[in-house]
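Using the sequences plus the hints, can you model the full thing?
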Amino acid sequence: MMTKRNRQMTKRSLQTRSSWIRPVLAGLAAASLFVARVEAAEIKLADGQRVAALIDAYDGKDSVSIYLTSGEKKVVSLRDISSIFYSGRGEHFIRTGDQKFIFAAGGWICGAVEDLKGGNVMELRSQSLGRHVVPLRVFHGFTALAMEGRPARLADDLMRDDGIKATVENKFLDFVLDRRGVPYAGVVESFSPAKIEVEQDEQLQQVRIDTYRVAGVRLAEASKDKAGSVDNLETLRVGINCRDRSYMVGQIVSINPFQWTIQPSFDAKRQVEVPTSEMVKVDVLGGRSVFLGDLRPEKVEERTLVAPPQPFQRNSNSQGESMDIGGFIYHNGIGVHGMSKLTYNIDGKFKTFYADVGIDGRLEKEGSVVFTVLGDGRELFKSPLVRGKAAGGGVQLQVPVEGIKQLTLYVDPTDDLDQADVANWGAARVLR
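If you count by the numbering used here, then the sequence shown holds residues 1 to 432, one letter each, in order.
Rather than coming from a laboratory, the hints here were simulated on the basis of the structure. Quick reminder that beta carbons are idealized off the backbone N, C-alpha and C, glycines included. Be aware that one or more of the hints could be misleading.
What the hints assert, rightly or not - Derived DEER-like restraints, expressed as beta-carbon distance ranges: (1) Lys74 with Lys365: 43 to 49 Å; (2) Gly48 with Glu364: 27 to 33 Å; (3) Arg314 with Phe93: 21 to 27 Å; (4) Glu402 with Tyr212: 47 to 53 Å.
Stated by the list, open to error - With a Cα cut of at most 20 Å, we get these calculated EDC-like pairs of lysine to aspartate or glutamate: (5) Lys195 with Glu298; (6) Lys73 with Glu39; (7) Lys171 with Glu189; (8) Lys117 with Asp47; (9) Lys299 with Asp347; (10) Lys299 with Asp412; (11) Lys74 with Asp47.
This is how it looks when you write it as structure tokens:
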């Protein structure tokens, strides 16, 4: 028979045991996720700190719970996170016929079209995001993948807001560009893995173009649904870079260690599931830090001297490839060439501008420019002459911008003309 003293000792023993069992079980739970081959991510905070952790769940508001590699659990506000990296994940091979399908509201899916149903609904298949049936009205257009040189530049021009003049003036026509640079204006009637058919009313004919010969397609401006555009400094969203080069933008619905579910910007009624195994990087949009590569500049001034025109690119270098500064690859930033002056409205809402700048690494030792940052027309920073393959990599910028309404990024090719002046503003961002 248990005495009163024995019962008290047993109670204290159980209380003591529970006090250390709970954290041990929590640690074992976290460890089991790592053992289950769920990879930890590198979380880059808005203040520049980095931490390795497993992202476990989303609270439905603006915070995520994470497990550090030690097993400790923490809650972090998404607004305090700049980006999340999953290292060591290679990109999928580009398949024949793969296209980059660009949404009018921001982001894109890379994959192959399987069918154009009824002339207004497209069926796509992506290596990272699976199969999707999407209304044609949500797309800005699409370009062929794995293009280089002149066809790639022409396709990029076709997609720009101030691109090929005819596309801006004719808001009710689709434009198809073949790899020779020949444009076809009309209405896209069908699109399959084999061919595109364009109805040309003025010529009273239907043109059929083999899909592998197509450089890009820009859909009629009048038909586009741009609701949910990402050009917003306040709305909290994420941009997920996938292994097949897709970039899915939207608001988080839920997170678990194996999958993120988001509501994409192009459709408020849809949910897209992204396996964490297919994620390379996550950008937090609308948090404390805002990437300028996710915004459209208010004013653009560009001029070439000797080299062919290479308009600025968002989140790639001016030649359409990933940005390389000192051997480091940047998935977010702004790529320019020669004389370039880009002005952004930041409305006095931010305190500091950060960027890593330099000549793209693919140019080896060629190229030389000067980077300048202006605030409301006043010079805030001016770099020394930056050359290709500069010792120590790029130049790291940290420029106070408190109270600044218009931020201008200026690249000067200097007196040696603009040959090989492929200049990058890597991870260009403003911090609240």
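So, going through the hints one by one against the coordinates:
1. Lys74 with Lys365: 43 to 49 Å: About 45 Å separates the Cβ atoms of lysine 74 and lysine 365, which means 43 to 49 Å holds.
2. Gly48 with Glu364: 27 to 33 Å: holds, 30 Å
3. Arg314 with Phe93: 21 to 27 Å: About 25 Å separates the Cβ atoms of arginine 314 and phenylalanine 93, which means 21 to 27 Å holds.
4. Glu402 with Tyr212: 47 to 53 Å: Holds: the Cβ-Cβ distance is about 52 Å, inside 47 to 53 Å.
5. Lys195 with Glu298: It is violated: about 38 Å lies between the C-alpha atoms, which goes past 20 Å.
6. Lys73 with Glu39: At roughly 16 Å apart (the allowed maximum being 20 Å), glutamate 39 and lysine 73 satisfy the hint.
7. Lys171 with Glu189: holds, 17 Å
8. Lys117 with Asp47: violated, 48 Å
9. Lys299 with Asp347: It holds: about 15 Å lies between the C-alpha atoms, which stays within 20 Å.
10. Lys299 with Asp412: holds, 17 Å
11. Lys74 with Asp47: Within the cut-off at roughly 17 Å; holds.
Hint violations for this structure: numbers 5, 8, all remaining hints satisfied.
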